[in-house]
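Since chain A is already given, all that's left is putting chain B on it; use the hints.
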Amino acid sequence: MHPPDPARPASRTAPLPDEDALVARAISGDRGAFTQLVEHYQSACYGLAWRLLGDPDQAADAAQDAFVHAYDAIAKYRGGLFRSWLLRITANASYDILRRAQRRPTTTLPDAEEGQAELPDDRALDPVAEASRSELYRYLDAALRRLPEDQRTAIVLCDVYGMDYGEVATATESALGTVKSRIHRGRLRLRELMAEHRELFVNEPRLNR
Amino acid sequence: MTMPNTSHPDDERLAACAGGDADAASDRALAEHVSACDRCAPIVDELTLLRVALATLPDLAPSRPLRLIPPVPSSAPRPIGPLGWLRRLAAPAMAAGAGLVVVGAVGMSGVASSFSGAAGADRAALEAASSSGAAAPGESVVPAPGQGPETHGLFSPVMTLDDGGRSETPAEYGSPDSQSASASPRASASPGEDDLTGFMSSPADEQPWLTLLIAGAAIFGVSTVLRFSLATQAG
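Residue numbers (our numbering), protein chains in the order written: chain A, 1 to 209; chain B, 1001 to 1235.
Isolated chain A (complex conformation) (with noise of 0.2 Å):
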């Protein structure tokens, strides 16, 4: 069992201690206060956008696309976790594009394949960033991206980012028992997938609290 890396990242990035304080002043207008919330948040937006879109200029578009609507929204915001209001607004712009690029014939998504998950050729992430990532960490972002699209979209809102079915819903326009069925066909998958893998969750500190 690995000891945990005190160099590697925090899995997710934790809020501000001054965030309420932070926010309040961004929603009166101030364009400082803004930049360091959206600053702080900026891995967990892009690593948003880049598990829905599977590519890394469009999930940095995505992500720029969010951070002017929350500009804009700003003056609505009503309370709870800036983390996830941000959030829900970076899915609704990735899913936008996801939208625009399946308009357009040439798509740059994976469909499914069948096999195990392998580590991809990956130009998409900061190398410095990946190369401390566990491995168990790469396979499952590897496997992700080899479920179909709809039930990838899912699975990122719900199990990676705790959107409940509802949200889900709501951020693919599809029926609740729509979403529901492609979470769970999307966890099956996922674990056809991972079979080869399955040491490495005995292996990751995390899971073994």
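No lab work stands behind these hints, which were simulated from the structure alone.
One or more hints might be untrue.
[As the list claims (entries may be wrong)] Heads up, incomplete: computed chain A residues facing chain B, CB under 10 Å, no partners named:
1) Ile27
2) Ser28
3) Ala73
4) Tyr95
5) Tyr137
6) Ile155
7) Tyr165
8) Thr178
9) Glu196
10) Arg198
Since this is a predicted model, take the numbers as computed values, not measurements.
A virtual CB, placed ideally from N, CA and C, is assigned to each residue, including glycine.
Then chain B, alone, in the frame of chain A:
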């Protein structure tokens, strides 16, 4: 623990047991089956572990610097209030005012030139009349030859309709009432002058041009003041 597995829930139902599904969580029969089934329990355990792994997937650093905030909309159109509309209208109003001044000035100079041309012709007629000794009827002193017309400046009050009233000018050129109101020291009874008065531009002819000129100047002045005062406020 092993039980006769004649009716396992389908796998999607097991996947629902991994979490997030309220229906599956409240299905006691399903929970009892899973907890007692050698086939289903490991599947649900594995799916649950998978779900925990998904929920801890780390955030990812962007592959390139992101633009975090939209640029300040310096060139974006701002909402236009009443003052904005006034400021926008000031420049066209200045141009319109200047145009009116030019038109008014040109119109008046046209009147002046037509007057001086007529005056020259009628001067000769007046001289001819005085040399022949023909006195014009009327109570006034006949002006010295050439004197009358030359006193008719562009804005001279002698070019009034009153002159016609005292002479044989057709009635439509003046009214009897206006005679008493006339302050003109000159009263011409010369037929030539009568013609001249009728032919010459009267204040009624000039007034539109004068009005145009004054209105144009006023519009120009007001819009200029508006434009620069509002620009100073905006700046």
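Which numbered hints fail:
Failing hints, ascending: 1, 2, 3, 4, 8 and 9.
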